[in-house]
Structures are given as C-alpha cells and as structure tokens.
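Student: First to last, the protein sequences are chains A and B.
For the first sequence, this note's numbering begins at 1 and goes up steadily by one.
For the second sequence, this note's numbering begins at 1 and goes up steadily by one.
By construction, these hints were calculated from the structure, which means they are not laboratory data.
Keep in mind that the hints are not guaranteed to be accurate.
Sample of chain B residues facing chain A (criterion: CB under 8 Å; computed from the structure) [what the hints assert, rightly or not]:
1. Ala18
2. Thr127
3. Glu129
4. Ala130
5. Leu215
6. Ile219
7. Leu261
From a predicted model like this one, the values you see are computed outputs, not experimental measurements.
Glycine is no exception: its CB is placed at the ideal position from the N, C-alpha and C atoms.
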Amino acid sequence: MTDDARKFTSISRRAIVAGAGASLAAPFSFNIARAQQGNIKVGFPVPLTGPYGAEAQDQVRAAQVAIAEFNETGGLKGRMAELLVRDDKLNPGEAATRALELVEGDKVDFVVGSLSAAVQLAVNNVTKARKVLYNSISQSDTINEAKDFSPYTFHEALNPHMTAGAVGRYAFQKFGKKVVFLTADYAYGYEMVNGFQAAGKAFGIETLADIRHPLGATDFSALLPRIQALKPDILIISNFGRDQQIALKQATDFGMKKQMKIVAPILLYTGRLAAGAQAFDGVVGGTSYYWGMEKTTPSAKVFNDRFRKMHDGKVPSDYGSLAYAGVKTFLMAARAAGSTASEAVIPAMEALKYDYYKGPEYYRKCDHQSVQSVFIIESKNAPANDPDVFNIVATDEPNEANLRTCQELGHT
Amino acid sequence: MNGLSLDLLGLQLFTGVALGALYILMAVGLSLIFGMLTVVNFAHGAFYMLGAYVGLWLMMHGANFWIALVVAPLAVAGVGLAVERVLIRPLYGRGIDYPLLLTFGLSYIIVELVRVAFGNTGYPVDTPEALQGAVDIGVGYFPLYRLFVIAATAVILAALWFFLEKTSFGLIIRAGARDPQIVRVLGVDVSRVWLIVFGLGTGIAALAGLLSAPLQGVIPEMGGPILAEAFVVVVVGGMGSLAGAAVAGLLVGIVVSMTSLFAPEMSRVAIFALMAIVLLIRPQGFFGRAGLMS
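With the rest of the complex left out, here is chain B (with noise of 0.2 Å):
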C-alpha cells in the first residue's frame, strides 16, 4: 500500500482511540443497566438521540454549547428515571424478554416523537468555537474537539469508577448486582438502586448523543447504529463490566480504524467478526461474569 508509515499508523490508531470514546459511553450505560437490572435496553440508542435533540432544542433557544452539555444528560436521565420507575418496574421478575420487548417499542415511540417535533431531516450542529481546527499531536493534524471528547470519556469513566468503587452507594450496587435478595434482607431498597442505576446510564447515553452532534449531526434515527455497536462492545467487554465497557470499546474502535486504513469496505464486518472470535474463545466477554445471562 502506497503512503504507509509510522506517523500514519500511530494517527490511525489515535482516531481509533477517538472512535472508541464514544463506544464506550454508550457500552458503560448499557452495561451497568444489564448487570444491575438484566434488563437488555434496547431503547439505549433512543436515548442516546434524545439527548442530541435535547441539547439542540437547548442551543436552539439561546444556550451555547457547554450549558446544554451539563443540562441535556440531566433532562434525559430524568426521562429515564421515569420510564424505569412507570414502565420497567412492573416487568421485573418475568424473564429477561419483557423489558427487552418494552425498551424495544419504547425505542420506535421515541423516534416517532422526535420525528414529529423536529421533522425526518435532521440538523447540523457546528463543533464549539474554542474547540475547531487541527492541532499537531506529534504524528500528524487530529481534529481539536475530538481531543475533547477523549479527555470527556476520560474524565466520565473515572467519576464513574469512583462512585461505584470508592462510596458506599457504589458498595451498595454492586452488592445489589451480586445477589439482591441478600441486599434486600439487610434492609436496603434495591428498587431505588436500579432506579438510579437505569437514570445514571440513559444520562450518560444522552451525553454521548450530544458529543456526537458536532462530529455527524443530529437525526432521528442516530440511535441505531451506535446501538449495535455498543452491544458488540457489551459483548466483547462482559455484561455488567465497567472494565470491560472501556478496554472493549477502545479495542472496538482500533479495530475499525485500522481495519479502514487496509480494507475499509471490511470495517464494519470487522467489528462483528471480532466479536465472534471473542464470543468462540470466552463466551463471558474479558471481564465478564459467566452465566448472568442464565
């Protein structure tokens, strides 16, 4: 191949790691949702989308980019807490397909809406003053705002690991996720635990969708894609990992760019293909469990 060299390689895998950045917001959310509540959320990319909508009707009416970034995950996650609360609720305890089925339509209900209130075109959504242009990493230009939501996955992760690691409300879903009933026999209500745990995840679902704006635009059906790749990164991480979201999504992503640079009409095979090979050598994922889905 003509053009190949060392810089190339080492951009390459730096927009891998961009790429991976929002696969693994998306995988986290997706994946706390199921190893807490084993609920399979299919209306993730739903809300991944309202959170972009969200943020664009917020910087529609006056509100510039940063603000709607603090406010739109914080609108969707109350939207989740209200359909954990309404709908998902009364499911639990009748197998896994219920709210699988209910997330499902939900997610056709969603769209619909949107479509309704901001039409089937979509929107362009200009990448924030202080964050446009190319900076020079050392191997090459790399867009600025990509950085940016590098160092934002960073930083959600961290937060992430230390309320669930490092606080006794964090104690107390993992406890919650290990054995319920047991949290539930020393006295702590594990419904509330899974309200918040379904809250926090659509919330960082939404985040995704508006970090994402500035780099594609926003649609209705934007949730669709990325939904399916956040669940090969599910997959590959182990259901319910945190460790696993974050090192499958990162690997998701460098598969894809470094399968582009050599064989882009195979990128998005590669993706599922990695997760065959993975699913064939440990069916639990890297850091998953076995058997939670049993």
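Isolated chain A, as found in the complex (with noise of 0.2 Å):
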C-alpha cells in the first residue's frame, strides 16, 4: 500500500465515524424538504492550493460556464445552478473534511471535483455512503472498480487504462517495441505502466527497465546515463506536473531526444505552458481535450467561444473542459429527469448520450465511466505566449473495447 492510500483510508475512516454522527443528529425527512427546494448547489472541491492550482482554477473557470450556460437557458424550472468552490489542497483527509460540510452542512445536491487519484477517493468515500451523486474529474483506475464504485459515483476524466492504451497503441507500431520506463512511484506511475503493458502485449513489446522515482523529485540526472546505455527506441514517463516539466528539461539537457521517442501518457497544457517549448518540443502524449480541436469539432468550438467570452480570451485546458462536462452532465440529467434526487438523476445519467465539447461521449452502465476518444499530441516548437502548443496526431475513437471490461472490474 502506497503511503497516500494508508494517509487516505485512515482519514476517510475517521471522516465516516463524524459523519455518522452528524447525520443521527439531524433529521432525515429535513434533508429531502431542503434538498427539493431553492437553488440547485454543486459542490466543487479542487486544489486551488499546491503544485496543481493553476489546474485548479481553470477547473473553476470551466465550471461556472457549465453553470452559467445552465441559468441562462431557464434552469431547473426555474431553480437556478450555483456552485460552492472548495480548496481540497490536494489532501485526501481536507477533501474529505470539504466534502463532508458541502454535504451535511450546504446540502448541496451534487458534488464534482478533485484533481488526484487519492483525493477523488476520499471524496467518493463521503458522497456514496450518504448517497450524494458525485462526478469525478481526474485520472483513476481504482474508481472504475466494483469495491470502489457505487450507483452515485460517475467518472467524466479518463482512466489510466484507456490514456495509456492509446498512448501506446500509437507510440509501439510508429517508434518500436524496446521500451524503458521511468515512472513516478505511486498509483498513477503504476496505474500508468499497466495501461501501456496492457496495449503493448499485442504489439510484443520489451521492457528493457521500469525504472521507478521519488515522488516530487527535482532532479533526474542520475537516472538518465542508464537509460542512455540500454538504447531503447521509447523512454516512456509516467509522471505528472512538476515532475514531468523537469524530468523533461533534463531529459532534453543530455540529448536523449537525439536517441530515443520520449513518450508521456499525458501532456497537461498548463505544464507545457509552464515549462516552454524546449522542454516538451517532440514529445507525444494523450489527453482529453485540446482546445487546437476547434478546427474540426463544431462543439468544441461552440465550448472554447463561450469560455473565452467569459474569461478575458483564455482558452480552456484539458482538465478544466473536464469540470465543465463533469457539471453540465449533472445539470442536464436533472432537467431531463425534472428532479435533482439522485434516485432520478442517475437513470438519466445512464441514459445521457452527450457531445457537449469533445464529441460523442456517454457513461459506461457498469462503472459509470464515461466513454470518449483519448486524443494523441505532439508538442511542438511555439514562440512563447501562443496558445496553440500541440499539434493532435491521432485520436482513439470512443470505443467499450478500450477499457477494461465489467467482469475484469468485479461487477456483475
């Protein structure tokens, strides 16, 4: 067990036990009275503070266009959308803390958010045992899967599993089959690594090393003379954020770009924003969205104008346009269902058949997970200051066949 996930069970543990309490002392048939009435709350815990804030808060950015866009098309019969921004500081026990007072104390009718595997976890541990719907928006495996999972938790990010399937179904018959990794040690690296060996077994790939490094490293110099010596054709690494800006930098600094395709499972935006060209110039990786796909999808188009009109010109970044659909879905199940009780929300959930910015996307009826095309980039050479920063190389369809399948996940 990872020290996050040990931090996280024992938190979440303690959250449900003063949880518990608070939901003897107040009344059941209370809670449905003020859950039908009033303002339609969702309850948006994100990293505002941390390494991913500036994730955070175009996270929130996209979310109050969800909102927005909702109020003004008439609502709920007439029950507006408001949304109550929480900063879970990237901490699984204060996402659990938030996540308990928007529930027992804002009543809030729905929650999405979160910007970590651990993190999404804790939140879903408070959500589904007082039965509140809650859509997640980053990357996890675990979610998906039966012990995890119940009827009130929805999954609108990718998975690890379909993000590095993709990634590497492109990557192994285009840049070879020798493949070293160098990995973060800690569930996304390892969630990360299996999704590529998963896809890599069609292709018979051979893992030269899986190299695996601290957590918020700042410096890889040491790892990269051995990845040097083994020659391979792809250097895949399964990091995320700073980690990732910086072991790209090095990576750069010793010339491994001359010798080898240096593959990411994601390019973040902001990262590559945030690091510069040199660093990330060549690299291929996957996402969810890049705003550059206006060009060819007329939803996304329709997305990207209403969100710049809102925020000064800025385009949305890949996780942002995630807590954009992650509230619209919820918004749009409950106009459909007349009702935001979860018991009549999630039927219409199940029954959404959406494209509200990437194209056609729906929730998966076993796990909730939503099926969408995972979009493979190449970073290029951009002056600073410009927007367009990846150039999109391939895109993996929306297919069931590309996740795992609902036996392998435990459902029945």
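Starting from two chains that each stand alone, build the complex the way the hints lay out.
Tutor: Listed below in structure tokens is the structure:
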C-alpha cells in the first residue's frame, strides 16, 4: 500500500465516523425537503493551493461556464444552479472534510471535482455513504472497480487504462518495441505502466527497464545515463506536473531526444505553457481535450468561444474542460429527470448521449465511466505566449473495447 | 542488471559530482553560519529560492544570465546582512533554539512573499545559450551546463578557502569561531564579523539557487528539499568545516547517483542512511569538532 493510500484510509475512516454522527443529529426528512427547493447547489472541491493550482483554477473557470449556460437557459423549472468552490489542498483528509461540510452543512445536490487519484477516492467515500451524486474529474482506474464504485459515483475523466492504452497503441507501432519506463513511485505511475503493458502485449513490446523515481523529485540526472546505455526506441515517462516538466527538461539537456522517442501518458496544457517549448519539444502524449480541435469539432468551437467570452479570451485547459463536462452532465440529467433527487438523476445520467465539447460521450452502465475519445498530441516548438502548443496526431475513438471489461472490474 | 558497463559507472560517478556541487554550495553557507554564529539557519533554503527569483526577475527585465549570476547573490547577501543586523543579532546569547525558530518563521514569510509577487506556479529558466547541449567527456555525453556548475563550485570553494585561510580577515573569522570572547578582548568587533559571515553565507546560497534554475526551473517551494539535503551534508561533513562540507557534499552526490543506478526508489533514503551511519561512527562528522552543539 502506498503512503497516500494509507493516509487516505485512516482519514476517511475518521471522516465516516464524524459523518455518521452528524447524520444522526439531523432529521432525515428535513434533508429531503431542503434538497428539492431553492438553488441547485454543486459542491466543487479542487486543489486551488498546491502544485496543481493552475489546473484547479481553470477547472473553476470551466465549471462557471457550465453553471452560466444552465441558468441562462432557464435552469430546472426556474431553479438556478450555483457553484460552491472549496480548496481541497490536494490532500485526501482535507478533501474528505470539505466534502463532508458540503454534503452535511451546505446540503449540496451534487459534488464534482478533485484532481488526484487518492483525493477523488476520499471524496467518493464521503459522497457514496450519504447517497450524494459525485462526478470525478481526475484520472483513476480504481474508482471504476467494484470495491470503490457505487451507483452514486460517476467518472467523467479518462482513466489510466484508456489513456496509456491509446498512447501505447500509437507509439509502439510507430516508434518501436524496445521500451524503458521512467515512472513516479505512486498509484498514478503504476496504473499508467499497467495500461501501457496491457496495450503493449499485442505489439510484443520488450521492457528493458522500469525505473521508479520518488514523487516530487527535483533531479533526474542520476537516472538518465543508464537509460541512455540501454538504447531503447521509446522512453515512457509516467509522472505528472512539475516532475514531468523537470524530467523532460533534463532529458533534453542530456541529448536523449536524439537517441529515442520520449512519450508521456498525459501532456498537460498548463504544464506545457509553464515549462516552455524547449523541454516538451517533440514529446508525444495523450489528452482528453485540446482546445485546438475546434477547427474540426463544432461542439469544441462553441465551448471555447463561450469560455473565451467569460474569461478574457483565455482558452480552456484539458482538466478544466473535464470540470465543464462533469458539472454540465449532472445539470442536464437533472433537467431531463425533472428533479435533483439522486435516484431520479442516476437513470437520466445513464441514458445521456452527449456531445458537450469534444465529440460524442456516454457513461457505461456498469461502472459509470465516461466512454470517450482520447487524443494523441505532439508538442510543437511554438513561440512563447502562443497558446497553440500541440498538434493532434491521432484520435482513439470512443470504444468500450478500450476499457477494462465489467467482469474484470468485479461488477456482476 | 543489463546495460551495466565501466563507461556507465564513470558517467554515473560524474553525475554524482555534478549533483554534489549544489549540495556543497548550500552546505558551506549553512556550515559557516553555524560554525561562527551557532545559528541553525532554517531560512537558508528560502535565500536559495530568493536568489533564483531575483535572478529570474533580472532576466525578465533584460539582464542576461551572467549579469544575473553576479547581481542576484549580491542583492540577496544584502538581504542577509539586514536580517542578521535587525532580526538575529538581538537573539545572540539566548540559546540555540531562538534563532532557529526565528529563521524557521522567516523562511515561511519569504516564501509567501515570493508567492504573492510571482505566483504559485513557478517559471522555466532556459539554459544560457553558450552552455546548451551535451559534450563527450570520454565515458559518454554530459550536459555542458552541469560541467559549468561543477567548475563554478570549484572556483567559489577555492576563493572561500583563500579568504578564510590566507587573509587577515579570515584569521579573525576563524579566531571568532574558536573563542569569540578572547577575540573581543583583543579589541576586534566580533559582531561585524558575524554580520559579514551571515551575508556571505546567504549570498552563496543565492548563487546556488540561481545555478539550479536552468536545471529544474524555479518555484517558491524549491528551497525545501535542498535544505534538508544540505543539512545532511553539514552533519556528515562536520558543523563549521569548509573541507567537511566539500567532501561530504561530493560523497552525498555520489551516493545519490550510485543508488539511483541500482535501486532508484532508495535514492532519497540512502542520503539519510548515510547520515545515520556517520553519526553512529563519528558523531561530530568527518571534520567537525566534538562538543560544538553543547
């Protein structure tokens, strides 16, 4: 068990005990009465402070777009939506506490948010115990599995199996079969490597080494000479945020791009802007969304324009857009159901066939995973301050065959 | 392990030396300040970060990397002088934990001020054009900029050694560290010596921060991890010893590098394992004098 996971179980257990006490104190019928009148409240815990602050702020901006659109089109029989933003500080304990306050104190109708595997599981533990709908907007394989899933759990984000699978299928046939993994030593990294390995079986890939680095490393130079000596076709770097930026920068400094293709499961739009063109130049990775697809996808154009209008001409990021879809699906399902009651919204969510910003999507019934496209992007040498930083080089169309099966996940 | 060769070991050793260079620069300041002032300077990481940010600010306003490399350490040394004069001086003679807590709090304030001024997210710093790319060092290709960091560290260490061992001011510093009371009796203004040592230490930390910027970018929290590693170097090398900081810095760099080759997950733990072993065998560190803490 990782450190994160251990922290998460001990804290969520405490949170559940606290929550159990609180729900005993509040009369149940009162909860129901409150929930069906007044504004529709969407609780939104995201890590505004901490290393993913830039992503979280963009998630707030995109969620505001979804709320504004819903309210302008009449809300739900005159009921307007409002967004309750909370800072989870990228900490599972903090997130569980904030989620509990949102559910018990603010009596939110829906919870959308989080930006880390451990944090989303902590939030999910709080919401599913109280039968409140939660849509997670960050990557996780675990949340699909039967032991963490509940009927109240939805997952709008991609999962590592889909993302690494799509990137792997593209990279292995194009760049070669000899692979070295450089992986952050925690759940995100392991899940990504599993995804690449699963996709790689069909191509007969050869893993020369799987090198783990501690989370939050600031220097990768000691790991690089060995990778150069192994002479792989592909170096797959599975880490996130600042770790990714530093690893790519130092690999570039060591001249490794001349010897091998560097691939990452996810290339972040904000991360690429923060690190500059030099480090990311030529790196291939996956994403759930890139704003540049507006040239070919009408719904992306509509969403981007609306976002630009509300936020001084900015374009939405990948994780921001997930927040837009995560909030919008609940609101649209509630409108279709004519109610915000969880039991009414769940079938409406399961029936949604939506194209809000990236082409067609729907939630698979067994695990409520959003079945959607994955885009393969390559970073280009764009000048500073140019927002057009990626080329979309391939698209993995929405296909349940690219997900783990319901049986594999333990759903019956 | 596949892919293992003598060339790889050589290159790995060299990587360790380059890593050690930054540890050394951080540790000498920390060690000097502790050795002379008996101040455990927890703000040392914040000064490291401040050096990087002042350099960044200069480069944003048209200065090139080389000008920033000279000006930023001087500016941060100035801040260090002010901190010693105004905040730390009133605490002398009150026990080691007073300045420790003060600098600990100060580090939070500096980091927060930088967050307010520059934001949370950090900035990339491109490698100066003349030092981009990798060169063949006989056992393999090695980034030119890292070679420069090693060279810069060697120059600073040589200058520092000359200053401490060969100048009359250095003699006063060494005497002040051994017995401040006698030095005072001899008519030397010890407080002025301490002021300059603190300024010098923070200036070198700032230089290390700016040197690290093209390797890893800058971020307000960048001083945290390196401070912990620098403390290890100081403890292993011996509090207050310049030679100790240099030898231990290299050793820690090489230990990190070699563990990274064979068991990368253990690389961070290895530093502390090394410290534990040294403390068991030689509690005062390689070159430290026993009883300095008491």
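Student: If a hint holds in the structure, say so; if it does not, say that too.
Tutor: Now for the hints, and whether the structure bears them out:
For the restraint placing alanine 18(B) at the interface with chain A, the shortest Cβ-Cβ distance is roughly 7 Å, inside the 8 Å limit, so the hint holds. For threonine 127(B), the shortest C-beta to C-beta distance to chain A is roughly 7 Å, which falls under 8 Å, so the interface hint holds. Interface restraint check for glutamate 129(B): the shortest CB-CB distance to chain A comes to about 11 Å, outside 8 Å, so the restraint is violated. At a threshold of 8 Å, the smallest CB-CB gap from alanine 130(B) to chain A is about 14 Å, leaving the interface hint violated.
Of the supplied interface hints, the one on leucine 215(B) holds, with its beta-carbon coming within about 7 Å of a beta-carbon of chain A, less than 8 Å. Taking 8 Å as the C-beta cut-off, the interface hint given for isoleucine 219(B) holds, the closest approach to chain A being about 7 Å. Against a cut-off of 8 Å between C-beta atoms, the interface hint on leucine 261(B) holds, since the closest Cβ of chain A lies about 6 Å away.
The structure fails to meet hints 3, 4 from the earlier list, while all remaining hints are met.
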